[in-house]
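Heads up, the sequence shown is in numbering that gives the first Met the number 0, so the first residue is 0 and it goes up one at a time.
It is worth saying that the hints were derived from the structure and are not from the lab. Be aware that a few hints might be false.
Claimed, not checked - Dumping the calculated SDA-like pairs for lysine to any residue here, alpha-carbon to alpha-carbon at most 20 Å:
1) K196 x R182
2) K254 x D138
3) K236 x R75
4) K196 x F222
5) K196 x Q74
6) K196 x E172
7) K196 x R174
8) K196 x G238
9) K236 x R151
10) K227 x G87
11) K236 x A85
12) K227 x N147
13) K196 x R101
14) K227 x F242
15) K196 x G87
16) K196 x G184
17) K196 x L168
18) K236 x D115
19) K227 x W253
20) K236 x D138
21) K236 x R101
22) K196 x D138
23) K196 x G106
24) K254 x G106
25) K236 x K254
26) K196 x C246
27) K236 x R250
28) K236 x G87
29) K254 x P95
30) K196 x K236
31) K196 x R166
32) K236 x H105
33) K227 x R207
As the structure is a computational prediction, the values presented were derived from the model and not from experiment.
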Amino acid sequence: MSQLDTETDPSSMTAGAADPSAACPGQDIARCSILGVQVSAVDMPMAVRQIHDWIDRRQPNYVCITGVHGVMESQRDEQLKRIHNAAGLVTPDGMPMVWISRLRGHGLVRRVYGPDLMLELCAQGLPLGHRHFLYGGADGVAELLATNLRRRFPGIQIVGTYTPPFRPLTDEEDRQVVQLINRSGADIVWVGLSTPKQERWMAAHLGRVHAPVMIGVGAAFDFHAGLKRQAPRWMQKSGLEWFYRLCTEPRRLWKRYLTNNPLFCWYLLLESLRLRDFSVDDDRQISSEPALSQRPQMSVAPAAQSTQAA
């Protein structure tokens, strides 16, 4: 357990502004159904602008960052599909999501990649005084990530971290975590548990966590902590990031990519030919799931107090 100190006032810092023509706060954002998962037709400025609007209005929402993996996990779990479809935003994390969205009439869609969204919101949140809480990662990852973000964005307010255990939290532990996050005054809770754990955690804690925005970014914790390398930009833009990650982590990812990718293409063909309906009933409720997590370690700022889960 370690203590994270509040950073200095960021009011003197500057950051780039989102394109004002990209989105109008409060307006509904179009969605593109991809195998029943309603992917938001957005680009980076539009996503950032929408998230800032939620923070300004203190309106609770969560954001799913979704690619082929998330869409395919949703085919195996209808509840997960509903969780995606109830999200405030489901951003196109992979190039296949972008290409399909464009083919289906959403020509302005651009990739909104989780690690890039994290950096963009950190940069633009500096002059706004946004406060960030980091939930997830393996032991020490959230603290390392906080250190790197502070180095990259001097003045950023990282108000706490929590590394959950590799087991479901007890009700009392979960209550303590919610209190910890709420006491921190966070505006954005970054959730790095991987899919589908992070989506389930966000859906279960919507309304209980007072932060206006929870964003599931998975591997962004490891990338920005400097523990894993990202694919070169040309591979990301070409839709080959999956191949790069498969080559760097074959034992962990071979089944995901070599099973999911061909099956995704097959399902997409069935959907395009209208031979199979992948939608779910919109009127069915998302039930709360127990918090799913990883290993215990947490800290909170600005107050000099931390709560260790039992």
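Now for the hints, and whether the structure bears them out:
no., hint, verdict
1, K196 x R182, "24 Å, violated"
2, K254 x D138, "25 Å, violated"
3, K236 x R75, "28 Å, violated"
4, K196 x F222, "19 Å, holds"
5, K196 x Q74, "15 Å, holds"
6, K196 x E172, "17 Å, holds"
7, K196 x R174, "18 Å, holds"
8, K196 x G238, "25 Å, violated"
9, K236 x R151, "24 Å, violated"
10, K227 x G87, "29 Å, violated"
11, K236 x A85, "28 Å, violated"
12, K227 x N147, "14 Å, holds"
13, K196 x R101, "29 Å, violated"
14, K227 x F242, "15 Å, holds"
15, K196 x G87, "18 Å, holds"
16, K196 x G184, "24 Å, violated"
17, K196 x L168, "13 Å, holds"
18, K236 x D115, "13 Å, holds"
19, K227 x W253, "17 Å, holds"
20, K236 x D138, "32 Å, violated"
21, K236 x R101, "15 Å, holds"
22, K196 x D138, "17 Å, holds"
23, K196 x G106, "31 Å, violated"
24, K254 x G106, "32 Å, violated"
25, K236 x K254, "23 Å, violated"
26, K196 x C246, "24 Å, violated"
27, K236 x R250, "25 Å, violated"
28, K236 x G87, "25 Å, violated"
29, K254 x P95, "19 Å, holds"
30, K196 x K236, "27 Å, violated"
31, K196 x R166, "11 Å, holds"
32, K236 x H105, "18 Å, holds"
33, K227 x R207, "32 Å, violated"
Hint check: violations occur at hints 1, 2, 3, 8, 9, 10, 11, 13, 16, 20, 23, 24, 25, 26, 27, 28, 30 and 33; the rest are consistent with the structure.
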